[in-house]
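**Q** Single-letter residue listing:
2 protein chains.
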Amino acid sequence: METDKLTVLTIKHLKDKNKLALQEMTEELHPYDLAELYRALPEKHHFKFLTYLTSKDIADLVMELEPEMQIEVLEKLGIERSSKIMDIMDNDDLADLLSEISEGKLEEYLSAMENDESKTVQQLMSYPPETAGGIMTNEFVWIRHYYTVRDAVEKFKSFAELTRNIYYLYVIDENKKLVGVVSYRDLLLADMDEKIDDIMFNRVISVPTHTDQEEVAQLIQRYDFLAVPVVDEQNILKGIVTVDDVIDVFMDEAQEDIEKLSASGKDIDFQTKAVVASYRRLPWLVLLLFIGLISGTILDSFEDTLEQVVALIFFMPMIAGMTGNTGTQSLAVVVRGLVTNDTDRGTILKLIWREFKVGIIIGIVCGLLVFLIAMFWQSFVFGIVVGISLLATLIIGTMAGTVIPLILFRVGLDPAVASGPLITTLNDIFSLLIYFGIATSLMHYLI
Amino acid sequence: METDKLTVLTIKHLKDKNKLALQEMTEELHPYDLAELYRALPEKHHFKFLTYLTSKDIADLVMELEPEMQIEVLEKLGIERSSKIMDIMDNDDLADLLSEISEGKLEEYLSAMENDESKTVQQLMSYPPETAGGIMTNEFVWIRHYYTVRDAVEKFKSFAELTRNIYYLYVIDENKKLVGVVSYRDLLLADMDEKIDDIMFNRVISVPTHTDQEEVAQLIQRYDFLAVPVVDEQNILKGIVTVDDVIDVFMDEAQEDIEKLSASGKDIDFQTKAVVASYRRLPWLVLLLFIGLISGTILDSFEDTLEQVVALIFFMPMIAGMTGNTGTQSLAVVVRGLVTNDTDRGTILKLIWREFKVGIIIGIVCGLLVFLIAMFWQSFVFGIVVGISLLATLIIGTMAGTVIPLILFRVGLDPAVASGPLITTLNDIFSLLIYFGIATSLMHYLI
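Residue numbers (the numbering used here), protein chains in the order written: chain A, -19 to 427; chain B, -19 to 427.
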């Protein structure tokens, strides 16, 4: 059913105070659709809608919503009801939610929750976000290597509720160290009396808790895993990261790359309000405005050259623009490549060398083109000035787009600093310096 | 083990003609690592390495390689051995590979393959790429609703080899129509004598074969599925798309977005040769070069204004740059948003209205800033010219970055056309027209 129709039906049920019909309807919905419905519903109906839902449904709903709306729901429900919801939420989602809540409120929620739930989630919250520990869930089922398949299946059945998104059972030894893994498929294929020892996979690939989330995502993608276990320094199993969380990581990383290329500021989507979007975009724009004024200062210092050969101005926007364009192209290759490639010295040096050659090739092609245009329009020397300038600025622009993000990446700076607009603005400055520099030095041939 | 060490060891085994040791080593490797090893190995060793591998290992290897290297492997092996490898490859990977091969060769391979394998893969190849049909595999296990769990597990066991990456059994009726789905987890939790009818999930979400791959990916991401069944118009089950393929779709889509923002040309990564990379980048650059020359023509037509107020030049790079910057920011929001949002009329109009307001806000802030700077540097009227120009160009730049990609998207044009550099170059032209237009109309106050 369409969200629109669902919304109308929901409002009808709310007005008729028909709790049963509403619950029957929401029971059929996937959590994602439930969240879509909640977003579509006018705010004045939110409270009543929530009171009509079962705790299970509210938990499903909250796990799908974005942080601001999650907090809205909690506030509408009050501490007591909220803590009940929190008890049934997945621990990793709950940890993310709680990390958004103010210090004081957090205490209240944690103490209202069930004791062991509260402890587990606090443990999860202790890991930095964007690491394996930060995105893992600690809801998994472990078994012993001396179990039979029957034992394993029994244990699995008794923890069935915990294991909604889980596809492997993990085998640990007496010290809780991870020693193997068995998939549901293995269990189905085995005889009930076989030993776990004989069917388990021993060479388990696991990651330490502090591993960067991007690395975890790469691992799962490369090996087509459904989940990867997370261990501490003693190889003790702490949790698992599942493939659905990894898809979200990939989406976030792509988003970050886009931000790098556009300096568009964090978290602007179709729904962001104009004032908020402007507020997030303005810092970059104001910074670029001042850097852009440097270009003016450069022009100012070449005033003599400009006044003597006004025709120079006409190629200025093209040269500055082209330098920015090739820089953006290189930046895109680097930014995207850093996600999927190793970043050892050899790879990086080879990349820089490759981009240098690219700069020369495109510099020669484009330089020759404008040389011909400028020559026929003005003079041979004028063509030389414009052509050589474009050759030089394209090489420099290409290198700037390659080297600047790599340096920032190496020194561990926020790579958003190496944004497309910044590279473009810097390349504006480089290109003006080169263009008018060459023109000034060849001035006596030009006039 | 590191790829470097593995490479050295492999070369040693090859030189010692120690086939057994090599096979023991490769058997331990995940397909991804095997492919990494093959890439790292100098080309002169490739042939011998391949002859030492088992057919199973070669199939795993080929499925992980990029198209050019896949074809290299096939050529080294010859038709007969290659067709044996193809028989054991996953059908969806094989279909992708065969679609890269020239018409004539294709015939040879297909006739050398086993008859039914060849038929199945030809069927898969008939679906357009980038659709559900194009990315699905037809290796799945179906069961009947009247089966018991025991029957289902028996059937599953006898097709175990087929089901490496598969996590559900699909239930079909006598007309092969899809009527339900059962996960491995459901089978483990159920009693052996229960009927599939009683434990299966009826409201299966499926997609038609012609569904865009991006939609399939969204579906799997939204509902945290591991796979989604693909059906034809009669609801007959044709294949399934699995979550690991969906991750690749997300990576590809992100790559496409990056290309849009940078006009960087298709398929340039760290390994692309300089000549190839230049060849792919140049068409865009040459196009932008000519568009950039239009800026020069505009300046030419304002020559009088320029000669009378030379100071106008100094703010020119900043104004043109800022217009490009805000355009790029808007473009990023639109390009990324189109992936995750619905694109109905209401959403789009709201977005355009939002960006218009954003343009006004940042226009006022930045315009006021340069008004002050220009006023103190030159005069009040000069400040007005620069400030008003920046306000106007920022609004227009923002709108261009929003509306142009949306129009291209709506008319179904290749959205790569709406690239960041193109928007920037167009905005250059708009900004010059506005800046010198305003300056010319206020000329008598300026001098």
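Rather than coming from a laboratory, the hints here were simulated on the basis of the structure. Because the structure is a prediction, the values reported are computed rather than measured. Here a beta-carbon is modelled for each residue, glycine too, at the ideal position from N, C-alpha and C. Be a bit skeptical, because a hint or two may be false.
Stated by the list, open to error - Lysine to aspartate or glutamate pairs mimicking DMTMM-like chemistry, simulated, CA-CA at most 20 Å apart: (1) A/K137 <-> B/D324; (2) B/K330 <-> A/D(-16); (3) A/K135 <-> B/D249; (4) A/K137 <-> B/D173; (5) A/K99 <-> A/E87; (6) B/K135 <-> A/D171; (7) B/K137 <-> A/D249; (8) A/K137 <-> B/D178; (9) A/K337 <-> B/D249; (10) B/K337 <-> A/D249; (11) B/K175 <-> B/E141; (12) A/K253 <-> B/D324.
Stated by the list, open to error - Which chain B residues stay away from chain A? Per the calculated CB distances, all over 10 Å, these: (13) L0; (14) N118; (15) F230; (16) E239; (17) V255; (18) V289; (19) L349; (20) I364; (21) G400; (22) L422.
As the list claims (entries may be wrong) - To give a feel for the contact side, a few chain A residues facing chain B, derived at Cβ under 7 Å: (23) K85; (24) L169; (25) L269.
**Q** Look at each hint and say if it fits the structure.
**A** To see whether the hints hold, each was checked on the structure:
Proposed proximity of A/K137 and B/D324 is contradicted: the alpha carbons are some 45 Å apart, above 20 Å. Taking the CA atoms of B/K330 and A/D(-16), the gap is near 17 Å; set against the 20 Å cutoff, the hint holds. Taking the CA atoms of A/K135 and B/D249, the gap is about 48 Å. The hint is violated against a cut of 20 Å. For the hint pairing A/K137 with B/D173, the CA-to-CA distance comes to about 16 Å; that is within 20 Å, so the pair holds.
Distance restraint check for A/K99 and A/E87: the Cα-Cα separation of roughly 12 Å lies within the 20 Å cut-off, and the hinted pair is therefore satisfied. Simply put, B/K135 and A/D171 have alpha-carbon atoms about 15 Å apart, close enough for the 20 Å limit, and the pair holds. For a cut-off of 20 Å, the pair hint linking B/K137 to A/D249 is broken: about 47 Å separates their Cα positions. At most 20 Å may separate the alpha-carbon atoms for a hinted pair to count; A/K137 and B/D178 meet this at roughly 18 Å.
Straight-line distance between C-alpha atoms of A/K337 and B/D249 comes to about 15 Å, which keeps the hinted pair within the 20 Å bound. For the hint pairing B/K337 with A/D249, the CA-to-CA distance comes to about 15 Å; that is within 20 Å, so the pair holds. About 25 Å separates the Cα atoms of B/K175 and B/E141, which puts this hinted pair outside 20 Å; it is violated. With a CA separation close to 19 Å, the supplied pair A/K253 and B/D324 stays within the 20 Å bound.
No Cβ of chain A approaches the Cβ of B/L0 within 10 Å, the least distance being about 20 Å, so the stated non-interface status holds. Every beta carbon of chain A lies more than 10 Å from that of B/N118, the smallest distance being close to 18 Å; the non-interface claim holds. Taking the minimum C-beta to C-beta distance to chain A, about 5 Å, the non-interface status of B/F230 is violated against the 10 Å cut. The Cβ of B/E239 sits about 7 Å from the closest Cβ of chain A, inside the 10 Å cut-off, so the non-interface label is violated.
The non-interface label for B/V255 is inconsistent with chain A: the shortest C-beta to C-beta separation is roughly 7 Å, within 10 Å. Its beta-carbon lying about 13 Å from the closest one in chain A, B/V289 satisfies the requirement of being farther than 10 Å from that chain. A beta-carbon of chain A is positioned within 10 Å of the beta-carbon of B/L349; the least distance is around 7 Å. Remark: the non-interface label on B/I364 is consistent with the geometry, its nearest Cβ contact in chain A lying 17 Å away (cut-off 10 Å).
In this structure B/G400 is not separated from chain A by more than 10 Å, as the shortest Cβ-Cβ distance comes to only about 6 Å. For B/L422, the shortest C-beta to C-beta distance to chain A comes to about 19 Å, beyond the 10 Å cut-off, and the non-interface label holds. Annotation: interface hint on A/K85 violated; nearest CB of chain B at approximately 29 Å, more than 7 Å. A cut of 7 Å between beta carbons decides the hint on A/L169: the least distance to chain B is about 6 Å, and the hint holds.
The beta carbon of A/L269 is positioned within 7 Å of a beta carbon in chain B (closest approach about 6 Å), and the interface hint is therefore held.
In summary, the structure is inconsistent with hints 1, 3, 7, 11, 15, 16, 17, 19, 21 and 23 from the numbered list given earlier, while agreeing with the others.
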